[in-house]
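Student: One-letter residues, chain by chain:
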Amino acid sequence: MTDNFDRWLEDELGTVLGSVDPGYVAPRYLETRAPRGARKLLRVFSGVPALLATKAAMASAVVVAATGAGAAVTVAATSNSSSTLHWGQMVEQQVEKCKAALGADQHGIGECVSAFAKTHGQQQSTGSPSPDSTGDATGDAHGKGDTNGKGNGDDNSGGNAGGASQNGNGNGNGNGNPHPTPKPHPTPQGNANGVGGGTGGGNGNGNGGSGGNGNGKP
Amino acid sequence: MTDTTSPLYTPGSQEDFNRLYRDSHARILRTLVAVLGDVGTAEDCVQDAFVKAYKAWPRWKPEAPAEAWLHRIAIRVAISHRRREKLREAGALILRLGRSPSEDPADEIAGQDLIAALRRLPPDQAAAVVLRHHHGYSNREIATALGAPESTVAARLAAAKRKLRDDLGAPPPLADLDANPISGTSR
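Sequence order for the protein chains is B and D.
Take 1 as the starting number for the first sequence in the working numbering and just add one per residue.
Take 1001 as the starting number for the second sequence in the working numbering and just add one per residue.
Here chain B stands alone, though its shape is the one from the complex:
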């Protein structure tokens, strides 16, 4: 009985399903996925914008730490320009030049880079910074900036400074207190990894880089 049914079933399935003739149907899988090689290439290039942003932020952070409040304004203005990347490269080149110019027993390239940044800042000073870049910060600002422009600085003077931002929309929180003595960071080194947001202001009114925003008052 079982064999009888099995044979009947096979016969029926052959008749029924045999009538299903799809012909050639264009495979959909070819449309849904790029070849592996192309995907790898895309993956490599997808990291480029982030990489460039990071480099620009690093370069800006170095200059901000080195040049004080005036330079911070310069960077803020420059960061908002379309030549951010170009400026970053210029700073990097300048840092390399300053390093090369140092003697074997000499340390510190802060002044060298600062001079370059100030010169450039004066050229840019006719342009006004973005409205968000008028934050206050006090004291020795070791702000931690990231590529999103959010930064927090802290030190014994209680200043918080916004980090430099590529697009000038950073966040900074200023909590100024009436500490009389500013402590600007003397060198641009050591804060290259996205660190070094704002700079100290002499009387609690500093610049928090682009996007710095605070309310510190002496």
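The set of hints was computed from the structure by calculation and includes no laboratory data.
One or more hints might be untrue.
Taking lysine to any residue pairs in the SDA-like style, the calculated list, with each CA pair at most 25 Å apart, reads [as the list claims (entries may be wrong)]:
#, chain 1, residue 1, chain 2, residue 2
1, D, Lys-1055, B, Val-25
2, D, Lys-1163, B, Arg-28
3, D, Lys-1052, B, Arg-7
4, D, Lys-1055, D, Arg-1076
5, D, Lys-1052, B, Tyr-29
6, D, Lys-1052, D, Tyr-1009
7, D, Lys-1161, B, Pro-27
8, D, Lys-1055, B, Arg-28
Just a sample of chain B residues kept apart from chain D, beta carbon distances all over 12 Å, derived [to be verified]:
#, residue
9, Asp-11
10, Thr-15
11, Arg-28
12, Met-90
13, Lys-97
14, Gly-108
15, Glu-111
Selected chain B positions facing chain D (in silico; Cβ < 7 Å) [unchecked claim]:
#, residue
16, Phe-5
17, Leu-13
18, Val-16
19, Leu-17
20, Val-20
21, Pro-22
22, Thr-32
23, Glu-92
24, Glu-96
25, Cys-98
26, Leu-102
27, Gly-103
Computed from a predicted model, the values in this text were never measured in an experiment.
For each residue, glycine too, the CB sits at the ideal point set by N, CA and C.
Guided by the hints, dock chain D onto chain B, whose structure is given.
Tutor: Using the frame of chain B, we list chain D on its own:
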């Protein structure tokens, strides 16, 4: 399907996957027609299954027959489709009142009784019946295709055939079958 006749494929090879598609597309489509009862829906699910298989193709292990592996993916897609379909059925029933279930003549299949009976089975049982009695898979190959132990496959086949027999009635006498030899199977 037998292992000795299985073509060799290299995992991740675009050319081999294209060949696998050409070789197995129609067979997998027929399996899903039996499970889903509708050519258009089955074709849609087959294409989905090939997309999934294509993504997993670099990780395919040649120990398992490629077509059984594809069947496994396709049957999962079909089961998912039937689950979603059941959720929609309540609402669709109201819209379908007074109309036949399929109004597209291209989707009409001969032998609707058998297809309808298969469709009333759980999808894995319907698939097991087609894999065994249409494609000629062994229990081991069906187990690969369904992702279930062989003993489970045997139980599902027995249960499926019992339900089909009850649903469709007794087959014609053996003498009639001898007078009309089996034809059309793809074994």
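Student: With reference to the structure, classify each hint as holding or not holding.
Tutor: The hints, checked one at a time:
{"no.": "1", "hint": "D:Lys-1055 - B:Val-25", "in the structure": "19 Å, holds"}
{"no.": "2", "hint": "D:Lys-1163 - B:Arg-28", "in the structure": "36 Å, violated"}
{"no.": "3", "hint": "D:Lys-1052 - B:Arg-7", "in the structure": "35 Å, violated"}
{"no.": "4", "hint": "D:Lys-1055 - D:Arg-1076", "in the structure": "15 Å, holds"}
{"no.": "5", "hint": "D:Lys-1052 - B:Tyr-29", "in the structure": "8 Å, holds"}
{"no.": "6", "hint": "D:Lys-1052 - D:Tyr-1009", "in the structure": "17 Å, holds"}
{"no.": "7", "hint": "D:Lys-1161 - B:Pro-27", "in the structure": "34 Å, violated"}
{"no.": "8", "hint": "D:Lys-1055 - B:Arg-28", "in the structure": "12 Å, holds"}
{"no.": "9", "hint": "Asp-11", "in the structure": "5 Å, violated"}
{"no.": "10", "hint": "Thr-15", "in the structure": "5 Å, violated"}
{"no.": "11", "hint": "Arg-28", "in the structure": "4 Å, violated"}
{"no.": "12", "hint": "Met-90", "in the structure": "46 Å, holds"}
{"no.": "13", "hint": "Lys-97", "in the structure": "49 Å, holds"}
{"no.": "14", "hint": "Gly-108", "in the structure": "54 Å, holds"}
{"no.": "15", "hint": "Glu-111", "in the structure": "57 Å, holds"}
{"no.": "16", "hint": "Phe-5", "in the structure": "5 Å, holds"}
{"no.": "17", "hint": "Leu-13", "in the structure": "4 Å, holds"}
{"no.": "18", "hint": "Val-16", "in the structure": "3 Å, holds"}
{"no.": "19", "hint": "Leu-17", "in the structure": "4 Å, holds"}
{"no.": "20", "hint": "Val-20", "in the structure": "5 Å, holds"}
{"no.": "21", "hint": "Pro-22", "in the structure": "5 Å, holds"}
{"no.": "22", "hint": "Thr-32", "in the structure": "5 Å, holds"}
{"no.": "23", "hint": "Glu-92", "in the structure": "41 Å, violated"}
{"no.": "24", "hint": "Glu-96", "in the structure": "44 Å, violated"}
{"no.": "25", "hint": "Cys-98", "in the structure": "50 Å, violated"}
{"no.": "26", "hint": "Leu-102", "in the structure": "53 Å, violated"}
{"no.": "27", "hint": "Gly-103", "in the structure": "57 Å, violated"}
When held up to the earlier numbered hints, the structure conflicts with 2, 3, 7, 9, 10, 11, 23, 24, 25, 26 and 27 and fits the remainder.
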